[in-house]
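Asks: This is what each chain is made of:
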Amino acid sequence: MSELRKTPLHAVHVESGAKMVPFGGWDMPVEYSGLIAEHRAVRTAAALFDVSHMGEFEVAGPGAHSFLQRVTANNVAKLVVGQAQYSALPMPSGCPVDDIIVYRRGDERYMVVVNAANIAKDWAWLQAQQPSGCTLADQSDAFALVALQGPKAEAILQGLTPVELKAIGLYRFADGVVCGHEAIVARTGYTGEDGFELFVAPAAAATVWRRLIEAGRPQGLLPAGLGARDTLRLEARMLLYGNDMDETTTLIEAGLGWIVSLDEVKGDFTGRPVLSEQKANGAPRKLVGFETTERGIPRHGYPVFLGDDETGSVTSGSFAPFLQKSIGLTYLPAARAAVGTELAVEIRGRRIGARVVPTPFYKRPR
Amino acid sequence: MYPQGYRYTKDHEWIAVEGDRGKVGITDYAQKQLGDVVFVELPELGRKFAAGERFGTVESVKAVSELYSPAAGEVVEVNAALADKPETINQDPHGAAWMIVLKLADPKAAGSLLDAVAYEALVATEAK
Numbered sequence: 441m442s443e444l445r446k447t448p449l450h451a452v453h454v455e456s457g458a459k460m461v462p463f464g465g466w467d468m469p470v471e472y473s474g475l476i477a478e479h480r481a482v483r484t485a486a487a488l489f490d491v492s493h494m495g496e497f498e499v500a501g502p503g504a505h506s507f508l509q510r511v512t513a514n515n516v517a518k519l520v521v522g523q524a525q526y527s528a529l530p531m532p533s534g535c536p537v538d539d540i541i542v543y544r545r546g547d548e549r550y551m552v553v554v555n556a557a558n559i560a561k562d563w564a565w566l567q568a569q570q571p572s573g574c575t576l577a578d579q580s581d582a583f584a585l586v587a588l589q590g591p592k593a594e595a596i597l598q599g600l601t602p603v604e605l606k607a608i609g610l611y612r613f614a615d616g617v618v619c620g621h622e623a624i625v626a627r628t629g630y631t632g633e634d635g636f637e638l639f640v641a642p643a644a645a646a647t648v649w650r651r652l653i654e655a656g657r658p659q660g661l662l663p664a665g666l667g668a669r670d671t672l673r674l675e676a677r678m679l680l681y682g683n684d685m686d687e688t689t690t691l692i693e694a695g696l697g698w699i700v701s702l703d704e705v706k707g708d709f710t711g712r713p714v715l716s717e718q719k720a721n722g723a724p725r726k727l728v729g730f731e732t733t734e735r736g737i738p739r740h741g742y743p744v745f746l747g748d749d750e751t752g753s754v755t756s757g758s759f760a761p762f763l764q765k766s767i768g769l770t771y772l773p774a775a776r777a778a779v780g781t782e783l784a785v786e787i788r789g790r791r792i793g794a795r796v797v798p799t800p801f802y803k804r805p806r
Numbered sequence: 698m699y700p701q702g703y704r705y706t707k708d709h710e711w712i713a714v715e716g717d718r719g720k721v722g723i724t725d726y727a728q729k730q731l732g733d734v735v736f737v738e739l740p741e742l743g744r745k746f747a748a749g750e751r752f753g754t755v756e757s758v759k760a761v762s763e764l765y766s767p768a769a770g771e772v773v774e775v776n777a778a779l780a781d782k783p784e785t786i787n788q789d790p791h792g793a794a795w796m797i798v799l800k801l802a803d804p805k806a807a808g809s810l811l812d813a814v815a816y817e818a819l820v821a822t823e824a825k
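In the order they appear, the protein sequences are chains A and B.
Adding 440 to a residue's 1-based position in the first sequence gives its number in the numbering used here.
Adding 697 to a residue's 1-based position in the second sequence gives its number in the numbering used here.
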């Protein structure tokens, strides 16, 4: 096995006593002071995450727009400069190679943010789609990425940047200066809470991290690890590639029809025939959220039953620290997936009752 | 840190023997490795376990850990309060978070487990 990669903030994590674990080929902090405290900090104050392991590709040139229309599911024409969009790279089967965020940085210039574990796969996939009239550049090593999430994120960050944060709406971003360093300041995240993601040069990452911690501490900010990031995103029903969706689940099955655009201006794209058909007629199965009705914690891979039929397994499951209950996601046959449906999860040989519930499990107060 | 009178297993359980009874829990090192504990599953009264047999499960948000009996015996008390307050395991692992009391098949058998000094040495190597 090859050596684990380290983000520009690795030394900061180790020196702060974070618990480190391997994740997608990277040595990452799983928790700092405690997962539950970190999770609650995001819901009630703020927390800071190092997500520098994520990948960034630049797509630029006169053909960038049409290339992205052809290889992504969502409608790139909807993006103005300074706007970001959740999307995916579908295969002809309608199943995603990855889920991504597309940032429009200029008239003919885009940044595509991809999952850490998929950087090499996505890069090869995009090359194989024969980009024309544009160039692709893997800039993953040119960016550190820090996520400041929580209701107090804006107040904390505003003290460290001249960028007018109030003017940056959800899924919008601006180029600016944070703590004296150039940054892309994006109102995006993976926690179901308000917050920002800051793309900075690797050399600036430690300074930005430390200044944010200092500025945020009095407001309740905690440094947080991937453990809390995972429970936060699950409460908000944000999917994890490799668990909740992969190369065997279509975007429609995963409940991501809202990022599949059949708009005329978008035109044809990889996977469109399957996705268009499933969008119109429904998919054979559906990703649903459930909570347990008996004590027990459902986890990834545990078998799921509808009556005596084993229908699949838990794709993501956890005790939800803010909601204080056990929740999870699983694929069910579409005809038997209605809210209220009773199912069972097998935990160490014993079946525990559960019920399909509406998602997201958690929705932030506005 | 680790009470002198207790005996310890390599799986990070402790046992405190008094007469023919042995009180069982998990160590401070074990709770730190687990992180925030949110669920514990303990046996019913009257269950009999061999030394090293699984007697329950403790779960943090991120991890599942099996519990192994440090000695042979029958369960005569269960700490039912842990079900509603599993975080006690993080807060007071060697005290209030005891899990079960066993009526020991052989009260002398626990003497062959690690003492506090040997256990601390074990933890020091594992932490590296």
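Mixed in with the good hints there might be a few duds.
What the hints assert, rightly or not - Over 10 Å on every C-beta distance to chain B, these chain A residues come out as not near it, computed from the model:
hint, residue
1, E471
2, V521
3, Q525
4, D581
5, R657
6, S758
7, L772
Stated by the list, open to error - Straight-line alpha carbon distances no greater than 25 Å define the calculated DMTMM-like cross-link-like pairs of lysine to aspartate or glutamate that follow:
hint, chain 1, residue 1, chain 2, residue 2
8, A, K459, B, D708
9, A, K459, B, E741
10, B, K782, B, D725
11, B, K729, A, D703
12, A, K726, A, D703
13, A, K459, B, E823
14, A, K765, B, E784
15, A, K765, B, D789
16, A, K765, B, E763
17, A, K765, B, D708
18, A, K459, B, E784
19, B, K782, A, E731
20, A, K459, B, D789
21, B, K782, A, E750
22, A, K765, B, E823
23, A, K459, B, D803
Simulated from the structure, these hints should not be mistaken for laboratory data.
Remember, predicted model here, so these are calculated numbers, not experimental data.
Here a beta-carbon is modelled for each residue, glycine too, at the ideal position from N, C-alpha and C.
Asks: Report holds if the minimum CB distance from L772(A) to chain B is greater than 10 Å, and violated otherwise.
Replies: 24 Å, holds
Asks: Below or equal to 25 Å on CA atoms is what counts here, so check K459(A) against D708(B).
Replies: Holds, at roughly 20 Å.
Asks: V521(A) clear of chain B by more than 10 Å, beta carbon to beta carbon?
Replies: 40 Å, holds
Asks: Please confirm whether R657(A) is truly not at the interface, meaning its C-beta sits more than 10 Å away from all C-beta atoms of chain B.
Replies: 21 Å, holds
Asks: Does D789(B) sit within 25 Å of K765(A), going by the straight-line distance between their CA atoms?
Replies: Satisfied, since the Cα-Cα distance of roughly 23 Å is no more than 25 Å.
Asks: Taking 25 Å as the top limit, are the C-alpha atoms of K765(A) and E784(B) close enough?
Replies: Roughly 15 Å between the alpha carbons, so the hint for K765(A) and E784(B) holds.
Asks: Checking one constraint from the list: CA of K459(A) to CA of E823(B), max 25 Å. Satisfied?
Replies: Within the cut-off at roughly 14 Å; holds.
Asks: Quick check for students: does the CB of S758(A) sit more than 10 Å from each CB in chain B?
Replies: 6 Å, violated
Asks: Would you check the hint for K459(A) and E741(B), treating anything up to 25 Å between C-alpha atoms as holding?
Replies: Measuring from Cα to Cα gives roughly 35 Å; hence the hint is violated.
Asks: If you draw a straight line from the CA of K726(A) to the CA of D703(A), is it 25 Å or shorter?
Replies: Status holds; Cα separation ~23 Å.
Asks: Given the hinted pair K782(B) and E731(A), is their alpha-carbon gap at most 25 Å?
Replies: The hint holds at about 20 Å.
Asks: Take a quick look at E471(A) and tell me if its Cβ sits farther than 10 Å from every Cβ on chain B, holds or violated.
Replies: Violated: least Cβ distance 6 Å, not greater than 10 Å.
Violation of the numbered hints given earlier is confined to hints 1, 6, 9, 11, 17, 21, 22 and 23; the remaining hints are satisfied by the structure.
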